[in-house]
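Participant: This is what each chain is made of:
There are 2 protein chains.
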Amino acid sequence: MSDMSRYMEKTGRDAKAAAKKMAFVSTAEKNQALNNIADALITQQEEVLAANHKDYTAAESSGMGAAMLDRLKLDAGRIKAMSSDVLAVASLPDPIGEVFDMKVLPSGLLAGKKRVPLGVIGAIYESRPNVTVDISVLCLKSGNGIILRGGSETINSNLALARLMREACLKANLPENVVQIIENTDRSLVGEMLVMKEYINLIIPRGGSELVRYVGDNARMPVITGGIGVCHTYVDKSADIKKAVPIIYNAKVQRPTVCNALDTVLIHKEVAGDYLPEIAQELAKAGVELHCDERSLAILKAVPSLNAVPASEEDWGKEFLALIAAVKVVDSLDEAVNHIDTYGSGHSEAIVTENYTAAQRFLNEVDAACVYVNASTRFTDGGQFGLGAEVGISTQKMHARGPMGLKELTTYKWIIYGSGQVRQ
Amino acid sequence: MSDMSRYMEKTGRDAKAAAKKMAFVSTAEKNQALNNIADALITQQEEVLAANHKDYTAAESSGMGAAMLDRLKLDAGRIKAMSSDVLAVASLPDPIGEVFDMKVLPSGLLAGKKRVPLGVIGAIYESRPNVTVDISVLCLKSGNGIILRGGSETINSNLALARLMREACLKANLPENVVQIIENTDRSLVGEMLVMKEYINLIIPRGGSELVRYVGDNARMPVITGGIGVCHTYVDKSADIKKAVPIIYNAKVQRPTVCNALDTVLIHKEVAGDYLPEIAQELAKAGVELHCDERSLAILKAVPSLNAVPASEEDWGKEFLALIAAVKVVDSLDEAVNHIDTYGSGHSEAIVTENYTAAQRFLNEVDAACVYVNASTRFTDGGQFGLGAEVGISTQKMHARGPMGLKELTTYKWIIYGSGQVRQ
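Those protein sequences? They're chains A and B, same order as listed.
Last residue of the first sequence: 422 (our numbering), numbering continuous.
Last residue of the second sequence: 422 (our numbering), numbering continuous.
Keep in mind the hints are simulated off the structure, nothing from the lab.
Take these hints with a grain of salt, some might be off.
Pairs involving identical chains hold if they fit within one copy or between any two copies, as the list cannot separate such chains.
Heads up, simulated DSBU-like pairs for lysine-lysine below, C-alpha to C-alpha not over 30 Å straight-line [unchecked claim]:
hint: 1; residue 1: Lys405; residue 2: Lys101
hint: 2; residue 1: Lys195; residue 2: Lys235
hint: 3; residue 1: Lys195; residue 2: Lys405
hint: 4; residue 1: Lys235; residue 2: Lys267
hint: 5; residue 1: Lys52; residue 2: Lys316
hint: 6; residue 1: Lys8; residue 2: Lys240
hint: 7; residue 1: Lys52; residue 2: Lys195
hint: 8; residue 1: Lys169; residue 2: Lys267
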């Protein structure tokens, strides 16, 4: 066994032992740890900012782009926001210990389910250092241990944040090993992490599609895949244009770099001629570039000063993460549903319609984590859905689908109260 | 691409297309298909029995043992029982379409979850032909497609049963491809099946520990691991011996070849001297062989005509599936919990005690799918737990834990009703 393997195994063993203790920690103690973290982020911000400065200057001199540099950077305002987010998680109800589906069986046994932590969560993520704190506090609150593996660009920030969280846990009488961080940024350690089935109950990859795919294909333990959103908004022939325009604008423009942003507009042929120019003109105000199929391009050619180009086959099914949208005219609701089925990633899909049956059919027939009628796909978010916060958005079907909050980081066990029963 | 790969891909594609239609089939149509299957099992039993006879004679001449031969064999009585089981599933409530957790969000959106099928379930299983029908009808009722891959010993029986079920589906206007069977028993096809992530949403392995481990390690899609039960019953120092004896006897003897049968008796040192001989004598009536630690062996040596031998290290953590039990004297409840933690498989664990706090501690601290107080672990079963039936028993923590019935073969999607909302 190599030194690295030994190091990874020790990390796993320590996390598992800490997680076992975490399952019995009271809500008050967990909240105390979260309050300590929120405090420490403010009182020890100089250390965190100094570490982040190291990362920033290294990234800058290695030629990192401005957008990425901005994601990496921490300042007093961002630290304050992180601290507030931790307090928000502390104020959420504790999911652990809930007993549900309890019933008396014909045998006289009283049986039901009790909500318990999953164990140890492994997080493999990229760039933004606030993810380090976000995921950790959600795992802490739900009674789980966490092994963090962030990107090499933010290693100093992440180490400072993890140290701070470990101290805050210890001060609340929680095992400090409940938060573990892989200190070595060697890429081979990701591979080692993915086979640590004995120590890690669930892996959550957060990052680009390449990372998510790699983790999904190679992990031996369950993985929550998600965070990749190829999101469509379909404008039905009975759509209200007064709703369609702001919904599409919001879904594309409000925050184009996130997974629930719009990628493709589908529009019914009967309203495309009237509505598409209006939609396109609004998007043009934000500088959105449109990649159009033949029919939509023909319609939009007539509109002056639009940035519209022919779509290529790769534009369908592409997560743009930028001010770009694909546009396609469809013959029917059926064609829209089939297009989404072929090119969607199962994240968030919307219809704009005033027709009751079209709305119901879209809700029924589109197979995605979140399906909307007359609303922006940007609402797909743990906070917006009333979960308080999220570790990510699942686009898979097992365990949890859509935003994953505290409850989604738990499992249950059957508890059965008998009085001497035996099976006949 | 080889012929086999092409064949597997076609199977997957057909199953996926059929499953997509299944999601919209009414409860009445699904029940009609199940009723047709139940009828056909009776009316077409001669074909099934003839196919089964082929399997039986081939297995017999290849030297298969009597117990395995018995598992393989079908007769009119067993066919009748299979048919009744299908009708029982037909009578269960349809889980699909249930809407839950619906609430109005601060944005005015009405959002909640709707229960939908998983898609295509792959089943990889061994020997008993009734599993072919059991799993298929549960998948049908829950709106899923199924790809069956049974053992080569039962291939003729399985093909006959699958053909019968496909015809029954077609007669009920369901797509016949909703039930697919891998007709070729070449082992390499299991490997091909495990990478068909695009077509199979969930794999359920049912068989020995080697099969379950192989599938768990090699499948690219989610897997429900389970069915391996290393089950303990702990006799606490405050146990009522009048409960302990029948509970242990039932857990070990009533059906020793199944996963929820007892494997190890743990007993508190303060009562071991009094209780162990009584427990052992009862087990001896059924011819149970005891593999004892040093302390229990010393106690049991004094008892005449017992079949008690020293335990080896491998006896702890062993699923005997036979009339054998390991026995160990422990110093405390803590030692019992730690032993279970080290050697258990997370299936079913029981304590026998009259002490309230010991019962609560055991329920809290033992990490398993099903944890019992004063009852036989043999109750871990979908039927016994009120789920109607089960495809298997999950010993993993994700998605579902314990017996998996119809609801556990579903997922949900978020449905969101808006009136033009955009995110601020």
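Participant: Against the structure, test the hints numbered earlier, and report the numbers of the ones violated in rising order.
Facilitator: 2, 5, 6, 7, 8
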